[in-house]
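Visitor: Assembling the complex is the task here: the two chains are given apart, and the hints tell you how they should meet.
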Amino acid sequence: MTIYIPTPLRPYAAGKDAVDVNAGTVSGALDELTQTFPDLRKHLFTAEGKLRAFVNVYLNDEDIRYLPEKDATAVSAGDTLSIVPSIAGGCQVSDRMNSFLWLTRFPTLSPERRRKGRARSW
Amino acid sequence: MSVLRIAKPVYDAIRAHGEETYPHECCGALLGRGAADGWRIEAAVKAGNTRTDSPKNRYQIAPGELVKIEREARSRGLSIAGFYHSHPDHPAQWSATDFAEAHWLGCSYVITAVAEGSAAVTNSFLLAGTTEEDKRYEQETIEVFATSEAASESLTAPTESKKA
Ligand SMILES: [Zn+2]
Numbered sequence: 001m002t003i004y005i006p007t008p009l010r011p012y013a014a015g016k017d018a019v020d021v022n023a024g025t026v027s028g029a030l031d032e033l034t035q036t037f038p039d040l041r042k043h044l045f046t047a048e049g050k051l052r053a054f055v056n057v058y059l060n061d062e063d064i065r066y067l068p069e070k071d072a073t074a075v076s077a078g079d080t081l082s083i084v085p086s087i088a089g090g091c092q093v094s095d096r097m098n099s100f101l102w103l104t105r106f107p108t109l110s111p112e113r114r115r116k117g118r119a120r121s122w
Numbered sequence: 123m124s125v126l127r128i129a130k131p132v133y134d135a136i137r138a139h140g141e142e143t144y145p146h147e148c149c150g151a152l153l154g155r156g157a158a159d160g161w162r163i164e165a166a167v168k169a170g171n172t173r174t175d176s177p178k179n180r181y182q183i184a185p186g187e188l189v190k191i192e193r194e195a196r197s198r199g200l201s202i203a204g205f206y207h208s209h210p211d212h213p214a215q216w217s218a219t220d221f222a223e224a225h226w227l228g229c230s231y232v233i234t235a236v237a238e239g240s241a242a243v244t245n246s247f248l249l250a251g252t253t254e255e256d257k258r259y260e261q262e263t264i265e266v267f268a269t270s271e272a273a274s275e276s277l278t279a280p281t282e283s284k285k286a
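The listed protein sequences derive, respectively, from chains A and B.
The numbers in my numbering rise by one with no breaks, and the one at position 29 of the first sequence is 29.
The numbers in my numbering rise by one with no breaks, and the one at position 112 of the second sequence is 234.
Looking at chain B on its own, in the form it has when it is part of the complex (with noise of 0.2 Å):
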């Protein structure tokens, strides 16, 4: 079983977004370092959610969004090595959709319960695999480590979120 390494602020922040956001789903990217038995995480960047079909049980980070994303990771010298998204009153497990369209292979999905506004369970789970075909996703330990202030700059969105 692979490792997700988190900062504790950004940690405390995707759950916190996820409360902000409810009852609809939020999202975003996690920028980190690879080890070689899970990513390190050391910021999160908000995405707006851009369904507004029904952002109650759909999440989707414009791919334009994510270029600016991928930049701004560049800058600081991380990479992406995830996703966090929520589940609005339904469990931290993941679903037939987010499976489905599930791309990143090699990196972490976290999920975060909320329960009638509360952030509860965090769980995540690395999308595994070499193709498309042969894909799955095997659920990560998550550990939270303590940072310093100055390396705890999180959510900081590169652009304007396009809708909440």
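Isolated chain A (complex conformation) (with noise of 0.2 Å):
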């Protein structure tokens, strides 16, 4: 089966975008994965061996974490192994001192506009 190796790690895998391996299941093809090149490891597994909660593998288009067997589901030769990183992100409160600082630089937002947030003028 083919693993697909995301951008970030492909410095640890030889600079390879995707790595053919020979295994019976996922935790198989990602332990030969990791065999071959073992600096991948500590990105994709914690110090106690479990997936990094940022790191998604899907089975050809399922989320392993969703397979009734996880990563004990068998694979075959056809499937595919995608390894991706989370993307996510945000302006949280802690932020509002930053969006403060950005309102003040629009003093032609009336005080209730700026707090509702959704002036749109056009």
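Check before you lean on any hint, since a few could be wrong.
[To be verified] So the derived list for chain B, only partly shown, Cβ under 8 Å to chain A, looks like this:
no., residue
1, I183
2, V189
3, S201
4, A241
5, G251
6, E255
7, Y259
Bear in mind the hints are in silico, worked out from the structure with no lab data behind them.
We put the beta carbon where it would ideally sit given N, CA and C, even for glycine.
Guide: Below you can see the structure in the form of structure tokens.
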């Protein structure tokens, strides 16, 4: 089967974007991958050997965390495994000072419109 | 300082995306090729912001959608080079949450401030470092390059957006 390596982990997999492995299960495939490229291990797993929380592994189009047998799920030669670190972000309450500084740059907004934060003028 | 080179139509499109979704945050992926001093972005893919609890100040790309985006990138001989999102009425600077939840080391995170519905400053931050422990954001220079119409195809979502 083929394991697709995400951009940030390619430096630890000899620059490859895909690695072929021969394994019977998802965990077997990940084991073979990290045996071939030991530097990948700490990026994928915690010290306790669990998949890092922000690392998603997809068997074809399924998140392995939601497969009944999870990483013990059987795989065959035509399957693909995708490793995708999560993508998220946002501006939280802790960023309110930034937000305040930003709004002071737009003094034309009425305080009411600033407070509601939905002052769309066109 | 590294340089993010980005095709003009792509640059325009990601800024327009922030105006479209205002007052909510938009997000998407940047596809490109690596060079010694930074990424060269040739296409962008809009993602559905899957945060439905507070899309105004949160963004998230579902991992299943990322898998499809990566497939799209591969079919075009490109790599996922980074991500973009907007800051509605908020500066084009990364937030503590943006940093904590950034895991694509070596990739560029582009933020566009959208002021009153109009795209303002666009900044790019390289997620530098080699591990979660030593990662850091480094601001990059953005260089917009002209491109032929044929090469400018962008923002073609490979999959249906889940929730705008
Ligand atoms: Zn942000």
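Visitor: Are the hints correct? Go through all of them and say.
Guide: Going through the hints against the structure:
1. I183: holds, 4 Å
2. V189: For B:V189, the interface hint holds, since the closest Cβ of chain A sits about 5 Å away, which is under 8 Å.
3. S201: holds, 5 Å
4. A241: Violated. Min distance 13 Å.
5. G251: violated, 10 Å
6. E255: With a minimum Cβ separation of about 10 Å from chain A (threshold 8 Å), the hint on B:E255 is violated.
7. Y259: violated, 11 Å
Hint violations for this structure: numbers 4, 5, 6 and 7, all remaining hints satisfied.
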